[in-house]
Each structure stands twice: as structure tokens, then as C-alpha cells.
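Residues in the sequence shown are numbered consecutively from 1, following this note's numbering.
Keep in mind that the hints are not guaranteed to be accurate.
[Claimed, not checked] In silico DSS-like cross-links for lysine-lysine, where the CA-CA straight-line distance does not exceed 30 Å: (1) Lys2 x Lys24; (2) Lys2 x Lys48; (3) Lys64 x Lys2; (4) Lys48 x Lys64.
[To be verified] Here are the simulated distance ranges between beta carbons: (5) Gln50 x Ile12: 23 to 33 Å; (6) Asp59 x Ile39: 39 to 49 Å; (7) Phe66 x Phe8: 24 to 34 Å; (8) Ala63 x Gly31: 34 to 44 Å.
These are calculated hints, taken from the structure and not from any lab test. Positions of the beta carbon are idealized from the N, C-alpha and C atoms, including for glycine.
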Amino acid sequence: MKLLVILFATFILVLLGTFLFQGKPDFIFSGNLGMAVFIIFTGFSHFKFQNGMAMMIPDFMPAKMFWVY
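Using the sequences and the accompanying hints, generate a full structural model.
Shown next, in the form of C-alpha cells:
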């Protein structure tokens, strides 16, 4: 849920920034930058919260930590 807040907050902040500096909102750039920040935080969480990520993998899959990394 926190990642979704990061996605929308980044999108809105960049959208406001493009509106203030360029005079018109740039939805494509704002969406691209919001998604990039979202993916960076998701990738970081794989290393920070590795045990929590491993618990989400089904039991029938071997080597859970391998799939987390």
C-alpha cells in the first residue's frame, strides 16, 4: 500500500511541477517518472525485506530466496 502512495504522490508532484514550469501538465512524463520511482522502491524492498518477500512465494516452489533475488 505504501508503494501505491509513492506512485501517486510522485505522479501528482511531477504533474504539478511540469504545470508550474512549462505552463501545461505533462501526463506522459509524470506517469513515466512515477512508475520509475515505483519500480526503484519495489526493487529496493526485495533486498530490504527479503524474508517477507519469500513468505509470499507458494510452498510448492523450491529455493524461495533464489526467487526473491
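Hints, verified against the model:
1. Between the alpha carbons of lysine 2 and lysine 24 the distance comes to roughly 29 Å, so the proposed pair stays at or under 30 Å and holds.
2. Taken as a hint, the lysine 2 and lysine 48 pair is honoured in the structure, with Cα atoms around 15 Å apart against an allowance of 30 Å.
3. For the hint pairing lysine 64 with lysine 2, the CA-to-CA distance comes to about 24 Å; that is within 30 Å, so the pair holds.
4. For the proposed pair lysine 48 and lysine 64, the alpha carbon gap of about 16 Å is at most 30 Å, so the pair holds.
5. Between glutamine 50 and isoleucine 12 the Cβ separation comes to about 31 Å, which falls inside the hinted range of 23 to 33 Å.
6. As the Cβ distance of aspartate 59 to isoleucine 39 is approximately 28 Å, the hint placing it in 39 to 49 Å is violated.
7. A hinted range of 24 to 34 Å holds for the C-beta pair phenylalanine 66 and phenylalanine 8, which are about 32 Å apart.
8. Remark: the range hint 34 to 44 Å for alanine 63 to glycine 31 is upheld by a beta-carbon distance near 35 Å.
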